[in-house]
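Q: Sequence:
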Amino acid sequence: MQRSHRMERVNVLLKELLSNILANDYNAGNDLVTLIDVSTTRDLSTALVIVNANSNLSVHIEALNARAREFQCLIKPQLAFKIIPRITFKADANSNNIERVEQILDSL
Numbered sequence: 001m002q003r004s005h006r007m008e009r010v011n012v013l014l015k016e017l018l019s020n021i022l023a024n025d026y027n028a029g030n031d032l033v034t035l036i037d038v039s040t041t042r043d044l045s046t047a048l049v050i051v052n053a054n055s056n057l058s059v060h061i062e063a064l065n066a067r068a069r070e071f072q073c074l075i076k077p078q079l080a081f082k083i084i085p086r087i088t089f090k091a092d093a094n095s096n097n098i099e100r101v102e103q104i105l106d107s108l
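Just so we're aligned, residue 1 is where the sequence shown starts under the numbering used here, counting upward by one.
In short, the hints are calculated from the structure, not lab data.
Remember, it's a predicted structure, so these values are computed and weren't measured experimentally.
Here a beta-carbon is modelled for each residue, glycine too, at the ideal position from N, C-alpha and C.
Be aware that one or more of the hints could be misleading.
As the list claims (entries may be wrong) - List time: in silico EDC-like cross-link candidates among lysine to aspartate or glutamate, alpha-carbon distance up to 20 Å:
#1 K82 x E62
#2 K15 x D25
#3 K15 x D106
#4 K76 x E8
#5 K82 x D31
#6 K76 x D43
#7 K15 x E62
#8 K76 x E16
#9 K90 x E62
#10 K76 x D31
#11 K90 x D37
#12 K90 x E70
#13 K90 x D31
#14 K15 x E70
#15 K15 x D92
#16 K82 x E70
#17 K15 x E102
#18 K15 x D37
#19 K82 x D43
As the list claims (entries may be wrong) - Between beta-carbon pairs, the in silico distance windows are:
#20 Q103 x I83: 20 to 30 Å
#21 N24 x S107: 13 to 23 Å
#22 L105 x T34: 27 to 37 Å
#23 M7 x C73: 18 to 28 Å
#24 D25 x S107: 36 to 46 Å
#25 E102 x Q72: 27 to 37 Å
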């Protein structure tokens, strides 16, 4: 299904706001945590945030989901929505494939 222009703008805005929050309020240690994509439902009830990290991805996903409610409260003043999407963080499915290819290349 093709995303509407409105939803695309919402997703870009959420990605920008969440990226700023992660840069300023999330301690990733020595790891690099990157937001890959944001996909919000049409009714704005939920936002799925795809994340990648150079290591400890599952640890970061767990920590981000534990703080999701806090992140929602931080972005609320910056959004002109009646409903603030419930944020859920998930691992980038391609990250496992990339790691596997890198391991194979390293073994050659």
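Q: If a hint holds in the structure, say so; if it doesn't, say that too.
A: Checked hints:
For the hint linking K82 to E62, the alpha-carbon distance of about 28 Å lies beyond 20 Å, and the restraint is violated. A C-alpha spacing of about 15 Å is found between K15 and D25, which places the hinted pair at or below 20 Å, so the restraint holds. Taken as a hint, the K15 and D106 pair is broken in the structure, with Cα atoms around 33 Å apart against an allowance of 20 Å. In summary, the hint linking K76 to E8 is supported, as the alpha carbons are separated by about 18 Å, within the 20 Å threshold.
Annotation: proposed proximity of K82 to D31 is violated, straight-line Cα distance about 35 Å (limit 20 Å). A C-alpha spacing of about 16 Å is found between K76 and D43, which places the hinted pair at or below 20 Å, so the restraint holds. About 19 Å separates the Cα atoms of K15 and E62, which keeps this hinted pair within 20 Å; it holds. Restraint check: the Cα-Cα separation between K76 and E16 comes to about 13 Å, which is no more than 20 Å; the hinted pair holds.
This hinted pair checks out: K90 and E62 have alpha carbons roughly 9 Å apart, not beyond 20 Å. A hinted pair counts as satisfied when its Cα atoms are at most 20 Å apart, and K76 with D31 does not qualify at roughly 27 Å. A threshold of 20 Å between alpha carbons decides the hint, and for K90 with D37 the separation of about 10 Å falls inside it, so the pair holds. Between the alpha carbons of K90 and E70 the distance comes to roughly 17 Å, so the proposed pair stays at or under 20 Å and holds.
For the hint linking K90 to D31, the alpha-carbon distance of about 17 Å falls within 20 Å, and the restraint holds. Among the hinted pairs, K15 with E70 is consistent with the structure: their alpha-carbon atoms are about 16 Å apart, no more than 20 Å. The straight-line distance between the Cα atoms of K15 and D92 is roughly 15 Å, inside the 20 Å bound, and the hint therefore holds. Distance restraint check for K82 and E70: the Cα-Cα separation of roughly 17 Å lies within the 20 Å cut-off, and the hinted pair is therefore satisfied.
Distance restraint check for K15 and E102: the Cα-Cα separation of roughly 28 Å exceeds the 20 Å cut-off, and the hinted pair is therefore not satisfied. Distance hint between K15 and D37 is fulfilled; the C-alpha atoms sit about 7 Å from each other, no more than 20 Å. Of the pairs offered as hints, the one joining K82 and D43 holds, with about 11 Å between alpha carbons and a cut-off of 20 Å not exceeded. A C-beta distance of roughly 43 Å is found between Q103 and I83, which places it outside the suggested range of 20 to 30 Å.
One distance hint, 13 to 23 Å for the beta-carbon pair N24 and S107, is violated here, with the actual separation near 39 Å. Look at L105 against T34: about 21 Å separates their beta carbons, and that is not inside 27 to 37 Å. In this structure the hint that M7 and C73 lie 18 to 28 Å apart at CB holds, the actual value being about 23 Å. Roughly 39 Å separates the CB atoms of D25 and S107, a value that falls within the hinted 36 to 46 Å.
At about 34 Å, the CB distance of E102 to Q72 agrees with the hint of 27 to 37 Å.
Hint violations for this structure: numbers 1, 3, 5, 10, 17, 20, 21 and 22, all remaining hints satisfied.
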